[in-house]
Amino acid sequence: MKNVILTIAFLFSIAFGFAQDNGITITVTVDNLTSDKGNASFSLHTANTFMKGAGIKNASSEIKNGKAIVTFTNVKPGEYAILGMHDANENGKMDFRENGMPLESFGTSNNVMAFGPPQYDEAKFKVEDKDLNLKIRF
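Just so we're aligned: the sequence shown equals residues -19 to -1, 1 to 119 in mature numbering (1 follows the signal peptide of the UniProt record, and there is no 0).
Incorrect hints may have been included.
With a cut-off of at most 20 Å between alpha-carbon atoms, the simulated PhoX-like pairs for lysine-lysine come out as follows [to be verified]:
#1 K48 <-> K116
#2 K38 <-> K116
#3 K107 <-> K48
#4 K57 <-> K111
#5 K38 <-> K105
#6 K38 <-> K57
#7 K107 <-> K57
#8 K116 <-> K105
#9 K45 <-> K18
#10 K107 <-> K18
#11 K116 <-> K45
#12 K57 <-> K18
#13 K45 <-> K105
#14 K107 <-> K45
#15 K107 <-> K38
#16 K18 <-> K48
#17 K33 <-> K105
Just so you know, the hints here were simulated from the structure itself, not pulled from any lab data.
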């Protein structure tokens, strides 16, 4: 009987240990999408991954009434930037015109709207000890 109680206690401690968050939660909202077609895709980046493909965390959301929300969980304190795009045709990539201009809308953390590709130093933000709610404009 004593072994059964110890086993149950051990299993509960393991289950609750894995259930606890090990980092910060970042919730990203975009509410100015012009169409509900496709999905909104986001990637969380460090300076080393920014504009080089997949981020350290990636998420996508369906779009309802021009709004999309994603959550990045267990983010360690540090410096990051978020890239987002409206993948209207759901092909998993940004589509461009022949002249290099994007066909699909996009946005970055800090809502930097510059000519040319986004820059990490303009989009970066700090994750410290509190959950974050970010609003990105596309």
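Checked hints:
The hinted pair formed by K48 and K116 meets the criterion: a straight-line CA distance of about 11 Å does not exceed 20 Å. Proposed proximity of K38 and K116 is supported: the alpha carbons are some 18 Å apart, at most 20 Å. Among the hinted pairs, K107 with K48 is inconsistent with the structure: their alpha-carbon atoms are about 25 Å apart, more than 20 Å. The straight-line distance between the Cα atoms of K57 and K111 is roughly 11 Å, inside the 20 Å bound, and the hint therefore holds.
For the proposed pair K38 and K105, the alpha carbon gap of about 15 Å is at most 20 Å, so the pair holds. Between the alpha carbons of K38 and K57 the distance comes to roughly 11 Å, so the proposed pair stays at or under 20 Å and holds. Straight-line distance between C-alpha atoms of K107 and K57 comes to about 10 Å, which keeps the hinted pair within the 20 Å bound. As the CA atoms of K116 and K105 are separated by approximately 14 Å, the hinted pair is consistent with the 20 Å bound.
Distance restraint check for K45 and K18: the Cα-Cα separation of roughly 9 Å lies within the 20 Å cut-off, and the hinted pair is therefore satisfied. In summary, the hint linking K107 to K18 is not supported, as the alpha carbons are separated by about 32 Å, beyond the 20 Å threshold. For a cut-off of 20 Å, the pair hint linking K116 to K45 stands: about 16 Å separates their Cα positions. Between K57 and K18, the direct Cα distance comes to roughly 33 Å. Violation of the 20 Å bound is thereby established for this hinted pair.
Of the supplied pair hints, the one linking K45 and K105 is violated, its CA atoms being roughly 28 Å apart against a limit of 20 Å. A threshold of 20 Å between alpha carbons decides the hint, and for K107 with K45 the separation of about 29 Å lies outside it, so the pair is violated. Proximity of K107 to K38 is assessed by CA-CA distance (about 16 Å); at most 20 Å being required, the pair is judged to hold. With a C-alpha separation of about 11 Å, the suggested pairing of K18 with K48 holds against the 20 Å cut-off.
Among the hinted pairs, K33 with K105 is consistent with the structure: their alpha-carbon atoms are about 15 Å apart, no more than 20 Å.
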